[in-house]
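Undergrad: Sequence:
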Amino acid sequence: MKGYSEKPTRVRFRVLAFIFVSVVINYMDRSNISVAATAMSKDLKLSSVELGLIFSAFGWAYAALQIPGGVMADRFGARVTYTVSLITWSIVTLLQGFTKGFVSLFGLRLATGAFEAPAFPTNNKVVTSWFPNQERASAIAFYTSGQFAGLAFLTPTLVTIQHFLGWRGLFITTGIIGIAWGIIWYIFYRDPSQHSKVNKAELQHIEEGGGLVKSADKKGERAKFEWGNLKEAFSHRKLWGIYLGQFAVNSTLWFFLTWFPTYLVKYRGLDFLKSGFLASAPFLAAFVGVLLSGFVSDALVKKGVSLGIARKTPIIVGLLLSTSIIGANYVNSTSLIIMFMAIAFFGNGLASITWVFVSTLAPKHLVGLTGGVFNFIGGLASIIVPIVIGFLAKGGNFAPALVFIAALALLGALSYIFLVGKVERIKVVKDEKLNRDIV
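In the numbering used here, the protein residues as written are 2 to 440.
It should be emphasised that the hints constitute simulated quantities derived from the structure, not laboratory data. Hints may contain errors.
[To be verified] Straight-line distance between alpha carbons at most 25 Å, and here's what the computed SDA-like set of lysine to any residue pairs gives:
| # | residue 1 | residue 2 |
| --- | --- | --- |
| 1 | 232 | 425 |
| 2 | 267 | 51 |
| 3 | 239 | 426 |
| 4 | 43 | 134 |
| 5 | 8 | 296 |
| 6 | 313 | 423 |
| 7 | 428 | 198 |
| 8 | 239 | 314 |
| 9 | 428 | 105 |
| 10 | 267 | 44 |
| 11 | 239 | 428 |
| 12 | 303 | 209 |
| 13 | 304 | 292 |
| 14 | 267 | 340 |
| 15 | 313 | 167 |
| 16 | 395 | 405 |
| 17 | 267 | 289 |
| 18 | 201 | 111 |
| 19 | 239 | 135 |
| 20 | 428 | 269 |
| 21 | 239 | 134 |
| 22 | 8 | 267 |
| 23 | 267 | 428 |
| 24 | 303 | 405 |
| 25 | 101 | 184 |
| 26 | 43 | 173 |
| 27 | 313 | 267 |
| 28 | 198 | 184 |
| 29 | 239 | 422 |
| 30 | 267 | 81 |
| 31 | 267 | 184 |
| 32 | 101 | 84 |
| 33 | 395 | 49 |
| 34 | 201 | 186 |
| 35 | 46 | 88 |
| 36 | 395 | 327 |
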């Protein structure tokens, strides 16, 4: 660490750019299968139910390993955890280019989910360590926007890659990109106190604003895990409010990550290449939504608006807007279909700063674990939603599936309205005599 300078350095924003790129690659490797789905299902002779199972396979392992992923983020730190996660999921992505049928593809998608599991708990751990409270929603919005920006700009690119290299070439190409980025992450990322470019003034700015610089650097604490910690993460109504809200947010997201291109091509009769470009419009809308949400939320906090109003309002409004997806059931014009999809996904973007509640509510020593539980509950949507849609649409009618997505979005809004309550960090005090935690 370099000596004190009166003007704080801005290393945290470089770190944020690294997380952004990691999220882009993360979602590229989740969604490449939706681009490949039409050609792949034809070559491998997959039914709509089998395709739904393959779409959901990622989520089975991803959700199941969220809590271990959060523990890994707390124990081993962001540098090692993210490097291992990136390289392993990218190798498995590459191997999908060599699959021969349903069983092997299902297994490889399970493995992709397993190795991606630590990614978002690690993202949240990094931002909680590097950013003060008044900048955190914007930081989370920025890296979360990577999932939408990447999909908006990469979807046409992925479609083009598949057009020239086939769906197998698509998986191989995206896998190689992820492996390269995993090596770059390991070379350049460091925690706040270990970074050679950060100065004391920036560390002071982060810590005085509530950034958990010291928590990130206490490796002894990071290595400790107790089963009581897991119980703590499930014991608070306000945490259940954000867990259920995350399930709702992810339900809309996973429709777009899996079934959306198939919906446009198979159920709305659009040309494959044209659908790739049209599919980017809702992702651009979500990109705008998440950035607007983060910056507006932080601006409200800086103006003295209560943390509850500043953080909850964009999420509740966004989830209510997501219910507009049902409007696509009542129009036939392509432009109107895309309009309703864009409004719904704009709302999903507005609601996607939900990770700020993990940073704000979680006990200081359980940020990674709480993030794992949060993403575990949210990750269940990646299992349930693709399968349910596959069954709802198997008769050739996609309308019930969109009603299903809208209903879940409404449920998420209600969970934030009625369950979350006052927005403040949960404090846990250890009672040594009774050997239990008191909240």
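Undergrad: With reference to the structure, classify each hint as holding or not holding.
TA: These are the hints, each one checked on the structure:
With a C-alpha separation of about 19 Å, the suggested pair residue 232 and residue 425 falls inside the 25 Å cut-off, and the hint holds. Between residue 267 and residue 51 the alpha-carbon distance is near 16 Å, which keeps this suggested pair within the 25 Å criterion. In summary, the hint linking residue 239 to residue 426 is supported, as the alpha carbons are separated by about 10 Å, within the 25 Å threshold. Of the pairs offered as hints, the one joining residue 43 and residue 134 is violated, with about 49 Å between alpha carbons and a cut-off of 25 Å exceeded.
Restraint check for residue 8 and residue 296: the C-alpha separation of about 23 Å stays at or below 25 Å, so the hint holds. Proposed proximity of residue 313 and residue 423 is supported: the alpha carbons are some 10 Å apart, at most 25 Å. Our distance criterion of 25 Å between C-alpha atoms is broken by residue 428 and residue 198, whose separation comes to about 33 Å. Among the hinted pairs, residue 239 with residue 314 is consistent with the structure: their alpha-carbon atoms are about 16 Å apart, no more than 25 Å.
For the suggested pair residue 428 and residue 105, the alpha carbons sit about 46 Å apart, so the restraint of at most 25 Å is broken. As the CA atoms of residue 267 and residue 44 are separated by approximately 16 Å, the hinted pair is consistent with the 25 Å bound. Among the hinted pairs, residue 239 with residue 428 is consistent with the structure: their alpha-carbon atoms are about 13 Å apart, no more than 25 Å. At roughly 15 Å between alpha-carbon atoms, residue 303 and residue 209 fall within 25 Å of each other, so this suggested pair holds.
The suggested pairing of residue 304 with residue 292 holds, with an alpha-carbon distance near 18 Å, which does not exceed 25 Å. Of the supplied pair hints, the one linking residue 267 and residue 340 holds, its CA atoms being roughly 19 Å apart against a limit of 25 Å. Taking the CA atoms of residue 313 and residue 167, the gap is about 44 Å. The hint is violated against a cut of 25 Å. With a C-alpha separation of about 15 Å, the suggested pairing of residue 395 with residue 405 holds against the 25 Å cut-off.
Proposed proximity of residue 267 and residue 289 is contradicted: the alpha carbons are some 28 Å apart, above 25 Å. Pair hint residue 201 plus residue 111 does not hold up; C-alpha atoms about 44 Å apart against a cutoff of 25 Å. Taking the CA atoms of residue 239 and residue 135, the gap is near 21 Å; set against the 25 Å cutoff, the hint holds. For the given pair, residue 428 sits about 51 Å from residue 269 by alpha-carbon distance, which is inconsistent with the 25 Å threshold.
Under the criterion of a C-alpha separation no larger than 25 Å, the hint pairing residue 239 with residue 134 is consistent with the structure, at around 19 Å. For a cut-off of 25 Å, the pair hint linking residue 8 to residue 267 is broken: about 57 Å separates their Cα positions. Distance hint between residue 267 and residue 428 is unfulfilled; the C-alpha atoms sit about 51 Å from each other, more than 25 Å. About 38 Å separates the Cα atoms of residue 303 and residue 405, which puts this hinted pair outside 25 Å; it is violated.
Of the pairs offered as hints, the one joining residue 101 and residue 184 is violated, with about 29 Å between alpha carbons and a cut-off of 25 Å exceeded. Annotation: proposed proximity of residue 43 to residue 173 holds, straight-line Cα distance about 19 Å (limit 25 Å). For the hint linking residue 313 to residue 267, the alpha-carbon distance of about 37 Å lies beyond 25 Å, and the restraint is violated. A hinted pair counts as satisfied when its Cα atoms are at most 25 Å apart, and residue 198 with residue 184 qualifies at roughly 20 Å.
The suggested pairing of residue 239 with residue 422 holds, with an alpha-carbon distance near 6 Å, which does not exceed 25 Å. Distance hint between residue 267 and residue 81 is unfulfilled; the C-alpha atoms sit about 42 Å from each other, more than 25 Å. Proximity of residue 267 to residue 184 is assessed by CA-CA distance (about 39 Å); at most 25 Å being required, the pair is judged violated. Straight-line distance between C-alpha atoms of residue 101 and residue 84 comes to about 29 Å, which puts the hinted pair past the 25 Å bound.
Proposed proximity of residue 395 and residue 49 is supported: the alpha carbons are some 6 Å apart, at most 25 Å. Between residue 201 and residue 186 the CA atoms are separated by roughly 24 Å; this keeps the pair inside 25 Å, and the hint holds. At most 25 Å may separate the alpha-carbon atoms for a hinted pair to count; residue 46 and residue 88 exceed this at roughly 30 Å. At most 25 Å may separate the alpha-carbon atoms for a hinted pair to count; residue 395 and residue 327 meet this at roughly 18 Å.
Going through the hint list in order, the structure does not satisfy hints 4, 7, 9, 15, 17, 18, 20, 22, 23, 24, 25, 27, 30, 31, 32 and 35.
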